[in-house]
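*Asks:* Sequence:
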Amino acid sequence: HLLGKPLSSLEDVIAAMPTLAEQGPRRILVTMADQGAVLFDGESVQIIPPFK
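Per my numbering, the sequence shown starts with residue 2, numbered consecutively.
Just so you know, not all the hints are guaranteed correct.
Restraint ranges, calculated between C-beta atoms of paired labels, are given here [what the hints assert, rightly or not]: (1) Glu12 - Asp42: 11 to 21 Å; (2) Glu23 - Lys53: 17 to 27 Å; (3) Ala16 - Pro50: 16 to 26 Å; (4) Glu44 - Glu12: 15 to 25 Å; (5) Ile49 - Pro19: 13 to 23 Å.
Calculated directly from the structure, the hints in this document are not laboratory data. Cβ atoms here follow ideal geometry from the backbone N, Cα and C, with glycine treated the same way.
Go ahead and model the full structure; you've got the sequences and the hints to work with.
*Replies:* Here you go:
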(Lines of atoms letter the chains of each structure in order from A; the text may use other names.)
(Lines give C-alpha, C1' and ligand atoms only; values in the text may rest on other atoms or scores of the structure.)
Protein backbone atom coordinates (compact mmCIF):
# COMPACT_ATOMS: atom_id res chain seq x y z
CA HIS A 2 0.00 0.00 0.00
CA LEU A 3 1.73 3.09 -1.23
CA LEU A 4 0.78 6.71 -1.87
CA GLY A 5 -2.74 5.98 -0.68
CA LYS A 6 -3.35 3.41 -3.38
CA PRO A 7 -3.00 -0.36 -3.10
CA LEU A 8 -0.39 -1.75 -5.45
CA SER A 9 -1.48 -5.00 -7.02
CA SER A 10 1.23 -5.65 -9.56
CA LEU A 11 4.80 -4.88 -10.52
CA GLU A 12 3.43 -2.50 -13.15
CA ASP A 13 1.73 -0.49 -10.42
CA VAL A 14 4.95 -0.36 -8.43
CA ILE A 15 7.04 0.74 -11.41
CA ALA A 16 4.47 3.38 -12.32
CA ALA A 17 4.71 4.80 -8.79
CA MET A 18 8.52 4.97 -8.75
CA PRO A 19 8.99 8.50 -10.18
CA THR A 20 6.49 9.91 -7.67
CA LEU A 21 8.28 8.17 -4.82
CA ALA A 22 11.66 9.45 -5.96
CA GLU A 23 10.42 13.03 -5.74
CA GLN A 24 9.48 12.51 -2.11
CA GLY A 25 12.89 11.78 -0.69
CA PRO A 26 15.08 8.71 -0.60
CA ARG A 27 16.81 7.95 -3.85
CA ARG A 28 16.92 4.22 -3.30
CA ILE A 29 13.61 2.46 -2.92
CA LEU A 30 13.00 -1.25 -2.50
CA VAL A 31 9.47 -2.56 -2.84
CA THR A 32 8.80 -6.20 -2.06
CA MET A 33 5.84 -8.02 -3.51
CA ALA A 34 4.92 -11.21 -1.68
CA ASP A 35 4.72 -13.53 -4.67
CA GLN A 36 6.28 -11.40 -7.41
CA GLY A 37 9.71 -10.69 -6.00
CA ALA A 38 10.87 -7.13 -5.50
CA VAL A 39 11.55 -3.89 -7.34
CA LEU A 40 14.62 -1.79 -6.59
CA PHE A 41 14.69 1.81 -7.78
CA ASP A 42 17.85 3.89 -7.31
CA GLY A 43 16.60 7.18 -8.72
CA GLU A 44 17.47 6.40 -12.32
CA SER A 45 16.91 2.74 -13.08
CA VAL A 46 14.44 0.07 -12.04
CA GLN A 47 15.73 -3.40 -11.25
CA ILE A 48 13.28 -6.26 -10.91
CA ILE A 49 14.35 -9.00 -8.52
CA PRO A 50 12.61 -12.31 -9.18
CA PRO A 51 10.76 -14.00 -6.32
CA PHE A 52 12.66 -16.45 -4.19
CA LYS A 53 11.58 -20.02 -4.76
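*Asks:* Each of the hints needs a verdict: does it hold here or not?
*Replies:* Hint-by-hint comparison with the structure:
1. Here the CB-CB span from Glu12 to Asp42 is close to 19 Å, well matched to the stated 11 to 21 Å.
2. In this structure the hint that Glu23 and Lys53 lie 17 to 27 Å apart at CB is violated, the actual value being about 35 Å.
3. For the pair Ala16 and Pro50, the beta carbons lie near 20 Å from each other, so the given range of 16 to 26 Å is met.
4. Between Glu44 and Glu12 the C-beta distance comes to about 19 Å, which sits within the given range of 15 to 25 Å.
5. Between Ile49 and Pro19 the Cβ separation comes to about 19 Å, which falls inside the hinted range of 13 to 23 Å.
In summary, the structure is inconsistent with hint 2 from the numbered list given earlier, while agreeing with all the others.
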